[in-house]
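A.B. asks: Read off the chains here:
Protein chains: 2
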Amino acid sequence: MSNKNAAPARGTRDILPKEAQLRSWAVSRILETYSKHGFTQVEVPIIENIDWLTGGVGGENEKLLFKILKRGDKLDLTEVKSEDDLCDLALRFDLTVPLTRYFANNHALLPMPFKAIQIGPVFRAERPQKGRFRQFTQCDIDILGEPSYLGEIELIAASAEALKALSLRGFEIKINDRRALESFHRYCGFEESRAGEFFIILDKLDKVGIDGVAKELAAKSFAPGSIDKAMKLLQELSSGRDPVDFYSEIGVADEALSQIVKIASFSEDLGGGDYSVSLDPTVVRGMGYYTGTVFEVAYPGWGSSIAGGGRYDKMLERFGRGSPAVGFSIGFERVMSILSDNADSSRGAAQRYVTILFAESDELKPVYQLADRWRQAGYSVSLRHRQAKIGNQFKRLETEANLARREGDFFGVLVYGEDTEPREL
Amino acid sequence: MSNKNAAPARGTRDILPKEAQLRSWAVSRILETYSKHGFTQVEVPIIENIDWLTGGVGGENEKLLFKILKRGDKLDLTEVKSEDDLCDLALRFDLTVPLTRYFANNHALLPMPFKAIQIGPVFRAERPQKGRFRQFTQCDIDILGEPSYLGEIELIAASAEALKALSLRGFEIKINDRRALESFHRYCGFEESRAGEFFIILDKLDKVGIDGVAKELAAKSFAPGSIDKAMKLLQELSSGRDPVDFYSEIGVADEALSQIVKIASFSEDLGGGDYSVSLDPTVVRGMGYYTGTVFEVAYPGWGSSIAGGGRYDKMLERFGRGSPAVGFSIGFERVMSILSDNADSSRGAAQRYVTILFAESDELKPVYQLADRWRQAGYSVSLRHRQAKIGNQFKRLETEANLARREGDFFGVLVYGEDTEPREL
Numbered sequence: 001m002s003n004k005n006a007a008p009a010r011g012t013r014d015i016l017p018k019e020a021q022l023r024s025w026a027v028s029r030i031l032e033t034y035s036k037h038g039f040t041q042v043e044v045p046i047i048e049n050i051d052w053l054t055g056g057v058g059g060e061n062e063k064l065l066f067k068i069l070k071r072g073d074k075l076d077l078t079e080v081k082s083e084d085d086l087c088d089l090a091l092r093f094d095l096t097v098p099l100t101r102y103f104a105n106n107h108a109l110l111p112m113p114f115k116a117i118q119i120g121p122v123f124r125a126e127r128p129q130k131g132r133f134r135q136f137t138q139c140d141i142d143i144l145g146e147p148s149y150l151g152e153i154e155l156i157a158a159s160a161e162a163l164k165a166l167s168l169r170g171f172e173i174k175i176n177d178r179r180a181l182e183s184f185h186r187y188c189g190f191e192e193s194r195a196g197e198f199f200i201i202l203d204k205l206d207k208v209g210i211d212g213v214a215k216e217l218a219a220k221s222f223a224p225g226s227i228d229k230a231m232k233l234l235q236e237l238s239s240g241r242d243p244v245d246f247y248s249e250i251g252v253a254d255e256a257l258s259q260i261v262k263i264a265s266f267s268e269d270l271g272g273g274d275y276s277v278s279l280d281p282t283v284v285r286g287m288g289y290y291t292g293t294v295f296e297v298a299y300p301g302w303g304s305s306i307a308g309g310g311r312y313d314k315m316l317e318r319f320g321r322g323s324p325a326v327g328f329s330i331g332f333e334r335v336m337s338i339l340s341d342n343a344d345s346s347r348g349a350a351q352r353y354v355t356i357l358f359a360e361s362d363e364l365k366p367v368y369q370l371a372d373r374w375r376q377a378g379y380s381v382s383l384r385h386r387q388a389k390i391g392n393q394f395k396r397l398e399t400e401a402n403l404a405r406r407e408g409d410f411f412g413v414l415v416y417g418e419d420t421e422p423r424e425l
Numbered sequence: 001m002s003n004k005n006a007a008p009a010r011g012t013r014d015i016l017p018k019e020a021q022l023r024s025w026a027v028s029r030i031l032e033t034y035s036k037h038g039f040t041q042v043e044v045p046i047i048e049n050i051d052w053l054t055g056g057v058g059g060e061n062e063k064l065l066f067k068i069l070k071r072g073d074k075l076d077l078t079e080v081k082s083e084d085d086l087c088d089l090a091l092r093f094d095l096t097v098p099l100t101r102y103f104a105n106n107h108a109l110l111p112m113p114f115k116a117i118q119i120g121p122v123f124r125a126e127r128p129q130k131g132r133f134r135q136f137t138q139c140d141i142d143i144l145g146e147p148s149y150l151g152e153i154e155l156i157a158a159s160a161e162a163l164k165a166l167s168l169r170g171f172e173i174k175i176n177d178r179r180a181l182e183s184f185h186r187y188c189g190f191e192e193s194r195a196g197e198f199f200i201i202l203d204k205l206d207k208v209g210i211d212g213v214a215k216e217l218a219a220k221s222f223a224p225g226s227i228d229k230a231m232k233l234l235q236e237l238s239s240g241r242d243p244v245d246f247y248s249e250i251g252v253a254d255e256a257l258s259q260i261v262k263i264a265s266f267s268e269d270l271g272g273g274d275y276s277v278s279l280d281p282t283v284v285r286g287m288g289y290y291t292g293t294v295f296e297v298a299y300p301g302w303g304s305s306i307a308g309g310g311r312y313d314k315m316l317e318r319f320g321r322g323s324p325a326v327g328f329s330i331g332f333e334r335v336m337s338i339l340s341d342n343a344d345s346s347r348g349a350a351q352r353y354v355t356i357l358f359a360e361s362d363e364l365k366p367v368y369q370l371a372d373r374w375r376q377a378g379y380s381v382s383l384r385h386r387q388a389k390i391g392n393q394f395k396r397l398e399t400e401a402n403l404a405r406r407e408g409d410f411f412g413v414l415v416y417g418e419d420t421e422p423r424e425l
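Residue numbers (the numbering used here), protein chains in the order written: chain A, 1 to 425; chain B, 1 to 425.
These are computed hints drawn from the structure, not numbers from a lab. Keep in mind that a hint or two might mislead.
Treat identical chains as interchangeable: a pair holds within one or across any two.
[Unchecked claim] In silico EDC-like links for lysine to aspartate or glutamate, alpha-carbon gap of 16 Å or less:
1) Lys-365 to Asp-409
2) Lys-220 to Glu-191
3) Lys-70 to Asp-84
4) Lys-365 to Asp-269
When you get a sec, could you build the whole thing from the sequences and use the hints?
C.D. replies: Here's what the structure looks like:
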């Protein structure tokens, strides 16, 4: 009997052991890789004062806040004019905004530059749909306090290694720069004040194509001549025009151009063929806070990006402490979907399980000693009382094993007093 | 400059890298141990429908709920009569209540008995005080569907191993049974209906002593004759009366008594002297949902318990699926405090860090190759541009190392082109 009432809250989900096992393995591989690259883990609260999560820095995500009701005397239900009267805290919608608060609060106790790892849940009250949840895990690294492009290179190198540690290969890292997008916008002759809007529409290029972008720009009353100019440039790029040539035409400053060229060529070199790195003048990244380099990672056969990030040199200013900053986020949920679909990729998470069956009348101590020997041999060992109809019990264990099994897993059963080795299920 | 505005929300805290590193190490040791004992990780959402978190099962914790404001059309600010009109979700206050929902929702896809690990944040709107936070980590194992005392033994064995994996020794596991507490209450002649109240007061014995318990019982108008009888028995226990003798006098049923005696003696035997296990008729455990065995773990020199749990055979009935259940929770935050205080205990988390300094004009590739060699040798490696005044840079690195250093850590700096080995900081 499935119990409808016991379903998780709308838009959230229960993660079953088989998937949880894969996620746990992935987290440990990612942490291990990032740690080797000199990043250190931090823990930032899941609830934050609502003021820090609003005020424009989170863009559209601010509209998706889960707000927490005030408590005790602070809550006055007699005069409620707006939500603001009711709430003082909210659940974080990403890991970047809380990290900037953390850095401002603790900078005196942190190394400089500070290289942070965060893996944890974030919350957005989005309309639930397939593959999109209201609680999901993000996995970020950030470097705060590094003004040079060494920051970008360290992030890309570490993130590419982390994806490789999850046995992903053949992914494509695409690099662009917000300053280049601004040059593009200016070069086409769009109104200076509408750059943000232009970026949001251009960001849909992957989904709607060049014509789709043109249509939407027209619908939003961007100037037809400018649209034509932009479309011509996008056509040229999609026909294989050298991005550096494009950047030069639209007037990207030498310094910005030389930086992204260096980042891309060095990162490509570092990959040794396991992944590719290229410049892509159409990469935008959604968040409004980026100020320089932006990058994203595509995986063959998967429409949207599996990782991305960029430089956000201005965000820390709201805390009265400007500091250069650059971050890279692995789309943890998406990567988990890829691994789940791909038996080869998740084989590293394989486990060996054995259930020892013994009679209730057996002396416990030798049973535990036997369990201990198999634990020391690397098995996950469970003890169960054997039942009168052991054939039925075997069948149930087999069913359970098949529900939990991943490619490469071993499931066995060992009958105490009868078997010396587990029988494979 | 410390920025007051950037402080975390009241009652929450930022965890610095040095502590986060220790926590991460502890989580991985605990997971590894529990996994060997046949427990599997699950992930249950942090937000739940508010109805599942209320209704009495959470006792006092229900009063400490962080409630989440409804969104969109569901929120009507024009007619607010109570908090119930405003909220549909809340943050979980423990991991046990959500686990029972999870089990009811997914039982058809889970093994039986189901052995679950959960490590994650829970939230309680308590008045903030030293060492008590509004967001904190719990670390639970539970066995759902095991009616026999094998459940208790598996939990105690695995939890004791987990504490040992964190290099704790000499802890004391104390075992009691709710049914024995009921016998105690009945034997003293207290009013049948006030058993719950009696347990709550008795639970304070460690803090207030026998006289304190007597005073509070008197203040709450428990019958003086019964109080005297209870105090006499508590005195005898504290003077070393054999608990089994006590249990027999108060009329604990043979079955319950034989179970806890077996659990205690076998668990003690299993410990081989690394920890002790004893029967303690005064152990209560706060939660109202326990129905049988209860246990807690004391650590020498630390007043309150560092772990605890018990059997809660009735809790799943609210989901229409009764199932025997037993759980054990490690007080993660308390254990972290002990490890932080005890250099020896946390030495297992020791790390080796090296910073490679190189000139901005150096070619990057050989620098990365050098970094890679040290990474492969097990170091956490960071790259930084060397500064003109390298002496000052060394001093800063030393300061940073001292802020982050734990007993056993190695911090080094390697100047590219000059050093072949890191210089220790």
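A.B. asks: Find the hints from earlier in the document that the structure breaks and name them by number, from lowest to highest.
C.D. replies: 1
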